[in-house]
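Chemist: Residue-level listing of the chains:
There are 2 protein chains.
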Amino acid sequence: MTLDPQRFLDDLHVLRSFGASGVGKGVVRQAYSDADIAARRWLAGRIEEAGLEPHFDPLGNLFGLAGENSLLVGSHSDSQPEGGWLDGALGVVAGLEIARAAKDAGGPPVSCVSFQDEEGRFGVLTGSDVWTGKLALEKADGLTDTAGSTLADMRARMADLAGDFLPHGRFTGFLEMHIEQGPYLEETGLGLGVVTDIVGIRDMRITFEGRQNHAGTTPMHLRRDAFQALSVFNTELNSRFAGVVTAATVWTIGHVALHPNASSVVPGRVEFSMQWRDADAGRLARMETLIKETAQDVSADHGVTALLGPVMGIEPAAMDARFQAGLAAAAEELAPGKWQKMPSGALHDAANLATVMPAGMLFVPSIGGISHAFDEDTDEADLVLGLQVLDRAARSLAVLT
Amino acid sequence: MTLDPQRFLDDLHVLRSFGASGVGKGVVRQAYSDADIAARRWLAGRIEEAGLEPHFDPLGNLFGLAGENSLLVGSHSDSQPEGGWLDGALGVVAGLEIARAAKDAGGPPVSCVSFQDEEGRFGVLTGSDVWTGKLALEKADGLTDTAGSTLADMRARMADLAGDFLPHGRFTGFLEMHIEQGPYLEETGLGLGVVTDIVGIRDMRITFEGRQNHAGTTPMHLRRDAFQALSVFNTELNSRFAGVVTAATVWTIGHVALHPNASSVVPGRVEFSMQWRDADAGRLARMETLIKETAQDVSADHGVTALLGPVMGIEPAAMDARFQAGLAAAAEELAPGKWQKMPSGALHDAANLATVMPAGMLFVPSIGGISHAFDEDTDEADLVLGLQVLDRAARSLAVLT
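Line by line, the protein sequences are chains E and P.
Taken in order, the first sequence gives residues 1 to 401; the numbers are from my numbering.
Taken in order, the second sequence gives residues 1001 to 1401; the numbers are from my numbering.
Be aware that a few hints might be false.
What the hints assert, rightly or not - Which bits of chain P does chain E cover? Going by a derived footprint, with three or more residues having C-beta under 8 Å, they are:
1. 1175 to 1182
2. 1211 to 1224
3. 1264 to 1274
4. 1345 to 1352
To be verified - Computed from the model, here is a short list of chain E residues facing chain P with C-beta under 10 Å:
5. 5
6. 6
7. 181
8. 201
9. 214
10. 220
11. 225
12. 231
13. 251
14. 258
15. 261
16. 270
No lab work stands behind these hints, which were simulated from the structure alone.
In this text the structure is predicted, and so the values were computed from the model without any measurement.
Ideal placement from N, C-alpha and C gives every residue a C-beta, glycine not left out.
With the sequences and hints as input, model every part of the structure.
Modeler: Written as structure tokens, this is what we have:
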């Protein structure tokens, strides 16, 4: 039996029923929740029915194993606290469908996978972080979620399923299909994206400490107003970035905490987040320099103290050139002229996998660019086209490996 | 017996013992607290010992009555949740000392007063708001503090003391001494301030509603970032104000609430406070126009919706010309060349009193401009000089009335 788009869509809808919630096709299926564990048990059953070998590792990453030296295809089936039905689930069910079609066809072996806690209940991409060796299991076990539960306690809920960690060497490469989670594919009308790089992220906390004072009796020229310092910093930084960034670079001040945050008090302190993303590590570093210089300049000019927190970093990950070419060739065959190369502004498990094997990613459009929300969605025709392109690329890459 | 500076200082220190707290000379004596009511009972005793008639009205405003047609001198003895020993207490004890010295000397009659809840546990200047008719008692009774207690329940704690409201007509005018709560007198080395106006205040809430989005996958040119809108609004407003404001005008963005306030999310909404103060109602109105125009312009240019809340207003209050002249003459006699005329950037009971009788105010310096804090303080020599100037002005104004 060859690739069966209807079986793929049916399985996607069944997977949605685990944690179906909110409006429309919303899903609440956080890593290690009852819904997540039930979904993984169901997936393991579907894997077995396909004649593949289900295998859980100590984190709860679930593999559907074909023979040795297989290509791995998948994503993650956990969701955000309030998520949509596609996100990682799409890539997991696509991997399942491609692996079982390959098995049925007696083609080159394809395994499938659902990584655990990609949405970072306990970290960043917890399941693939640990499996690829970026994060030690002992360290991961001590991580806590916002409610104070530890990863150790939560993964113990799946201990009856857990086998060993698998060696990376039994897989020849990794392919992941995902919704874009942004507006580009919809905007351009090019319905498929072959990912070139997964952007790197830099994140830091900056604090400006001025002087808290009475908003009636403190004249403007004597103020050391932390909010004014933040506003000047933001304006100046936008201007200094202009010569450094590309159209794909993004930066965000998303968190602001003023103190004491009262309308009649000149703010004495502001703590805020500064996050920036780009596929080029050199550009990320140049931006970091500009951020630090601007903070120091504002500090000197506005009588505030600048406290710069540590810079947290996730490195950019380039997708394998051969895997990009395989995806591009398959896209051009099935949707001539209707695809584009693009970076991923969001993090994905493929960024971790790229450190231990060749990896590639394919994007399908997100309606309205919406994700991490109950109303995330994609036309089913786009899902099926994505499945077919991914399958064709998988067959060519599995053969060549 | 004439004015007794030592008795004045001693009483000020005794009053501090009610609610003494925090560091240094800190005080916690909020309106209607046990410490506040105990302090008012003690003040009533001191009034009686001076041969004056103590009289509480239904709010808990405490008068020390001399004969009919007396000049009223005082302030308030309640404190901020974390306050200093002077603030309103200084003016209350100065009023007591001047009234008893006038009584002893057989001079023109001077009454004293401690208004209730000037610090606005239940409103703005609650005690004098109600007495001067700005706020109806029935409406005031329904006001609640941050813990949810009503004014009606709190003033019931003093019901055993309460008499009737006094007619305004039995007083010929009002004098109030207060710490400056700002840095001007210390900065200029001119130790006394004769207040010309108590500035008006305008306060409003503004909301910019943009679109919440993923901080990785949303390109800069498609963002409708509420924080960026706020930053542009602030920069543009500062620039537009330049042609309208004076050195005494102040404006403050003291409260900012971003939503969802997460480092990885483009902020979809910001609600912030905009407060501005000036002694000229016309200028306050011109600033209001600029604020509204700027918000609308930013809204149009940055793809956000601007929601403008109602403008809350407290009107500017000019001090009586004859009372200003009386204070200026006394200051020049006792401290030649060491005083200045100045507006008050903070609100005071005198702003309410000015609507029902001639009113004047005298400022003494605040060390470091600090107030509404435990470490608020003033040199005792400055307190005594203030007392003497206020007393001399009171004698001349009481005679002339």
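Chemist: The structure should be examined with respect to each hint, and the outcome stated for every one.
Modeler: Verification of the supplied hints:
Against chain E, the region 1175 to 1182 of chain P contributes 3 residues with a C-beta closer than 8 Å to a partner C-beta. That satisfies the three-residue criterion, and the hint holds. Check result for the region 1211 to 1224 of chain P against chain E: holds, 10 residues qualifying (beta carbon to beta carbon below 8 Å, three or more required). Only residues whose C-beta sits within less than 8 Å of a C-beta in chain E count toward coverage, and the region 1264 to 1274 of chain P has 5 of them, enough to reach three; the restraint holds. Coverage of the region 1345 to 1352 of chain P by chain E holds in this model, with 3 residues showing a Cβ closer than 8 Å to a Cβ of that chain against a need of three.
This hint is violated: residue 5 of chain E has a C-beta 26 Å from the nearest C-beta of chain P, more than the 10 Å allowed. At a threshold of 10 Å, the smallest CB-CB gap from residue 6 of chain E to chain P is about 30 Å, leaving the interface hint violated. A cut of 10 Å between beta carbons decides the hint on residue 181 of chain E: the least distance to chain P is about 5 Å, and the hint holds. About 7 Å separates the beta-carbon of residue 201 of chain E from the nearest beta-carbon of chain P, less than 10 Å, and the hint is met.
Satisfaction of the interface hint for residue 214 of chain E is found here, the shortest Cβ-Cβ separation to chain P being roughly 6 Å, below the 10 Å cut-off. Because the beta carbon of residue 220 of chain E sits about 6 Å from the nearest beta carbon in chain P, less than 10 Å, this interface hint is met. At its closest, the beta carbon of residue 225 of chain E sits 8 Å from a beta carbon of chain P; the interface hint therefore holds under the 10 Å criterion. Checking residue 231 of chain E against chain P: minimum C-beta separation of about 4 Å stays under 10 Å; hint holds.
The beta carbon of residue 251 of chain E comes within 8 Å of a beta carbon in chain P, closer than 10 Å, and the hint placing it at the interface holds. Of the supplied interface hints, the one on residue 258 of chain E holds, with its beta-carbon coming within about 5 Å of a beta-carbon of chain P, less than 10 Å. Hint status for residue 261 of chain E relative to chain P: holds, with the closest Cβ pair at about 5 Å, below 10 Å. Checking residue 270 of chain E against chain P by beta carbon gives a least distance of about 8 Å; that is within 10 Å, so the hint holds.
Hints 5, 6, counting from the list given before, are not met by this structure.
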